[in-house]
Amino acid sequence: MGDLIKLENFSKIGPFMKLFWQGTAVTVLLSLFTVAIGFILAIVLATMRLSEFRPFAFVGMTKDGKLTDNPTLRAIAKFNPLSFLATAYVEILRSTPVIVQIFIIYYGVFGVISLPKFTFLGFVKFERFFPGIVALGMNSGAYLCEIMRSGIQSIDRGQTEAARSLGLSSFQTLRFIILPQAIKNILPAIANEFVVIIKESAITYTIGVQDIMSAVNSVKSATFTIMEPLLVATAIYFCLCFPTSKLIAYIERRMSRGDRRHND
Amino acid sequence: MATADTMIEVNGLKKHYNRGAIKALDGVDIAITKGEVVVVIGPSGSGKSTFLRCLNLMEEPTEGDINFDGVDITKKKIKNAEGKMVKLDIDKHRQKMGMVFQHFNLFPHMTVLKNMTLAPVELKKMTEAEANEKALKLLDRVGLRDRAEAYPNQLSGGQKQRIAIVRALMMEPEVMLFDEPTSALDPEMVGEVLDVMKELAHSGMTMVVVTHEMGFAREVGTRVVFMDGGRIVEQGTPEEIFGYPSSERLKSFLLKVL
Numbered sequence: 001m002g003d004l005i006k007l008e009n010f011s012k013i014g015p016f017m018k019l020f021w022q023g024t025a026v027t028v029l030l031s032l033f034t035v036a037i038g039f040i041l042a043i044v045l046a047t048m049r050l051s052e053f054r055p056f057a058f059v060g061m062t063k064d065g066k067l068t069d070n071p072t073l074r075a076i077a078k079f080n081p082l083s084f085l086a087t088a089y090v091e092i093l094r095s096t097p098v099i100v101q102i103f104i105i106y107y108g109v110f111g112v113i114s115l116p117k118f119t120f121l122g123f124v125k126f127e128r129f130f131p132g133i134v135a136l137g138m139n140s141g142a143y144l145c146e147i148m149r150s151g152i153q154s155i156d157r158g159q160t161e162a163a164r165s166l167g168l169s170s171f172q173t174l175r176f177i178i179l180p181q182a183i184k185n186i187l188p189a190i191a192n193e194f195v196v197i198i199k200e201s202a203i204t205y206t207i208g209v210q211d212i213m214s215a216v217n218s219v220k221s222a223t224f225t226i227m228e229p230l231l232v233a234t235a236i237y238f239c240l241c242f243p244t245s246k247l248i249a250y251i252e253r254r255m256s257r258g259d260r261r262h263n264d
Numbered sequence: 001m002a003t004a005d006t007m008i009e010v011n012g013l014k015k016h017y018n019r020g021a022i023k024a025l026d027g028v029d030i031a032i033t034k035g036e037v038v039v040v041i042g043p044s045g046s047g048k049s050t051f052l053r054c055l056n057l058m059e060e061p062t063e064g065d066i067n068f069d070g071v072d073i074t075k076k077k078i079k080n081a082e083g084k085m086v087k088l089d090i091d092k093h094r095q096k097m098g099m100v101f102q103h104f105n106l107f108p109h110m111t112v113l114k115n116m117t118l119a120p121v122e123l124k125k126m127t128e129a130e131a132n133e134k135a136l137k138l139l140d141r142v143g144l145r146d147r148a149e150a151y152p153n154q155l156s157g158g159q160k161q162r163i164a165i166v167r168a169l170m171m172e173p174e175v176m177l178f179d180e181p182t183s184a185l186d187p188e189m190v191g192e193v194l195d196v197m198k199e200l201a202h203s204g205m206t207m208v209v210v211t212h213e214m215g216f217a218r219e220v221g222t223r224v225v226f227m228d229g230g231r232i233v234e235q236g237t238p239e240e241i242f243g244y245p246s247s248e249r250l251k252s253f254l255l256k257v258l
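In the order they appear, the protein sequences are chains A and B.
Counting from 1, position 194 in the first sequence corresponds to residue 194 in the working numbering; the numbering is continuous, with no gaps.
Counting from 1, position 162 in the second sequence corresponds to residue 162 in the working numbering; the numbering is continuous, with no gaps.
Derived by calculation from the structure, the hints in this document are not laboratory data.
Where hints are given, some of them may not hold.
[Unchecked claim] With a straight-line cut-off of 30 Å between C-alpha atoms, the simulated DSS-like cross-links for lysine-lysine are:
(1) Lys184(A) x Lys87(B)
(2) Lys76(B) x Lys78(A)
(3) Lys63(A) x Lys124(B)
(4) Lys134(B) x Lys78(A)
(5) Lys78(A) x Lys114(B)
(6) Lys87(B) x Lys78(A)
[Unchecked claim] Some, not all, of what chain A presents toward chain B, calculated at C-beta under 7 Å:
(7) Ile155
(8) Gly158
(9) Leu168
(10) Gln172
(11) Thr173
(12) Gln181
(13) Pro188
Note that CB positions come from ideal geometry on N, CA and C, so glycine has one too.
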């Protein structure tokens, strides 16, 4: 067997470093696109979840325009299909493993829809990269939706009541009162999700995305070393994630310091 | 009961929670006339806050109707001038009913001035310049003009509540609803808020006030309503209620609070 890690093995990796740098670029691109897709999806999902869309409201109305006493009819009248769909989506995505979701998207969805095969930036294979960001984006959209929903719901009910009592509509209340306060609360959580995605994106090497992990695999089969390329990957992931989370923590501190000053 | 001057008329108002297991309001009838200062008193859990919050539909009543300016606002749809059924716009009615909360509920991310001008400007009731001018006048009236650019968390509780009152006044409401406006205040700040309310009452504003301040009820109220168990048990002038209470429940309540 011999030693697990040999210093001279690192010199074997030398010629393959280009794969690692390209893998790093892919990982960063993958994460940025994933966050963008996830963020937009989350806004749509959160809006659906918190919407007051009641298409069956007429069922619960009596002829003179009042609410009926019948509890079943009231329940139907209250049913919000948009909120139901969004909730179902979020719960399914959160209750299944990412790898299953990625395989379903890659082999299932994009097995039926064929993507154009081309390479961009010289080393990113579109037909593998695209399913990767779709799958990760769909997954992270579910989590980001929950972050946004809890951010909006964490704002004291009294704020809504005060705004509505002044005659502002529910939309105006959301726009002027709730969202400005909620966004400040959830920014750190959204930034944290970005760090999570950088790490989670490693799983896309299973569908052939040439990220950092796929570089590890290539080096492994070319040089018959495993620990050394893994350590290189560890170092790269750490250098991506650690500064990012430190930056987030710094911004978070800055923001809460502002709060304390106001409290004087 | 309703006369030409009736502003709010409530009939058979009920509010149940948990499918009727809890009856917060169990049939309330009252008519409030223009210019009246109705003070609602009662033990906690008597339904007085729920009653007040039903008046502008912060709580949706289970049963009964609330006529405000001749419109039953508990209806989802009403007949318009042409006799067609249209959706009732509760926001329009709320603009005419100011509300002041126990916990102030100022918007923490806005200056005092912005807190006051947001609604009238967004609802196209006045231009920004007009709103600013009106806000500064109102701030003058409550002695807080120099705090116009402050943020809510730079203010004391008493200041916050005075701002909350003038914020509601910005919409030029026909009636002001007060939900225990002094209950969250330090004792030394209660007076400054009550003074503003007193001045408001003397200016002829119609007011419905839920409070534990018996002194205020006696001095400023034109009518005192005693609630218990989700019903109005007794009502009358302050002299009648405090001087000659007739029901046992009111007598024992007054013994505890006076």
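Consistency of the hints with the structure:
{"no.": "1", "hint": "Lys184(A) x Lys87(B)", "in the structure": "violated (35 Å)"}
{"no.": "2", "hint": "Lys76(B) x Lys78(A)", "in the structure": "holds (14 Å)"}
{"no.": "3", "hint": "Lys63(A) x Lys124(B)", "in the structure": "violated (34 Å)"}
{"no.": "4", "hint": "Lys134(B) x Lys78(A)", "in the structure": "violated (41 Å)"}
{"no.": "5", "hint": "Lys78(A) x Lys114(B)", "in the structure": "violated (35 Å)"}
{"no.": "6", "hint": "Lys87(B) x Lys78(A)", "in the structure": "holds (17 Å)"}
{"no.": "7", "hint": "Ile155", "in the structure": "violated (10 Å)"}
{"no.": "8", "hint": "Gly158", "in the structure": "holds (4 Å)"}
{"no.": "9", "hint": "Leu168", "in the structure": "holds (6 Å)"}
{"no.": "10", "hint": "Gln172", "in the structure": "holds (6 Å)"}
{"no.": "11", "hint": "Thr173", "in the structure": "violated (10 Å)"}
{"no.": "12", "hint": "Gln181", "in the structure": "holds (6 Å)"}
{"no.": "13", "hint": "Pro188", "in the structure": "violated (17 Å)"}
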